[in-house]
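Construct all of the structure, not just a fragment, from the sequences and the given hints.
Respectively, the protein sequence lines represent chains W and S. In case it helps, this note's numbering puts the first sequence at residues 14 to 115. In case it helps, this note's numbering puts the second sequence at residues 115 to 323.
To be clear, the hints were calculated from the coordinates, so they are not data collected in a lab. Keep in mind that the hints are not guaranteed to be accurate.
Partial selection, computed: residues in chain S whose CB lies under 8 Å from chain W [as the list claims (entries may be wrong)]:
hint	residue
1	Phe136
2	Phe197
3	Leu319
Cβ coordinates follow ideal geometry from the N, Cα and C atoms, glycine included.
Below, each chain spelled out in residue letters.
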Amino acid sequence: MNSSGHQSSLTMYLLVYVAILVISALQILIAYQNIDAYRIFIRMLLLAIVQAGLAVTFFMHMRSEKRTLALFLLPAAVFVLAMMNMFWYDSFRLLDMRPFAH
Amino acid sequence: MSEAHLTVGGPSGVETQEAPAFAISHKKLVMWLFIISDAITFGALLFAYGYLRNATTDWPRPFETSSVINAYAMTFILVTSSFTMLVAVRAARAGDKGRAITWSFITVLGGLIFALLHIKEWLSLFGEGLRLFANPWGSGLFGAAFFSITGLHLTHVVGGCIAITVVTLGYKRGRYDQGDLEIGGLYWHFVDLVWMFVVPFVYLLNIKH
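If you want it as structure tokens, here you go:
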């Protein structure tokens, strides 16, 4: 879509702005919860993804661009980031200082 | 000729207009490509940090409540500056040049306040004994991870402040147009987006309990 499609209402931007700040506050509340680190991590990751989604969709106007732009850009980034997940197993192996069990 | 509208010869010899890729200007597409590659760079740094944190038994958790409050204040400033950049771009699109320039400079001011708060946090941690490869709490790798991630982000913020200032001054003089201001804004929102991952993983997962 051309630039005229970017003129979303200021009220909507304000709502997104408040939502991002509220999610940041929620992350702080979660950080002080008495639960294990893995659950804290997962909750924070999910909230950060929601925040990033709001920023990309509304602040960076992805929702008013042609869908092909998102289809061109996002899968490549997601693929590379997903591939990086492979080394988590190795980090746990180092913690135990032993090779993988056969 | 606009760079977004290349004129090429058609098969019948009649000149036709080739639509720009994804219906955005080439400059904006380049910025999007930069953002994606930079997102992967930050992703790799955060993954490396996660790897070190997992594989280290004495990973320190040094952040007091004061650091968390400071991190939230920094988030507030950065997200607010993203909002003011949106207002600036909207004003530029509406043809209100004066308002666009004012809000752009308010955005830069927000970025500078963020950088000052960041440096204040760093100095406080220096005072507590944190160094690049040593600290009094545990694994020396903490400083390397912390300063690499927050340092690269701070570099982006300072670079963004300089870039937006240059583009705004160029826009004021008529050298740059509203599209250039919007591309600067796109970068600024990305810097904001990265911070949304840095705070929970680097600060909030390392709170002193």
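Structure-based check of each hint:
Checking Phe136 (chain S) against chain W: minimum C-beta separation of about 4 Å stays under 8 Å; hint holds. At about 5 Å, the closest approach between the beta carbon of Phe197 (chain S) and any beta carbon in chain W falls short of 8 Å, and the interface hint on this residue holds. Checking Leu319 (chain S) against chain W: minimum C-beta separation of about 6 Å stays under 8 Å; hint holds.
Checked against the numbered hints given earlier, this structure breaks none of them.
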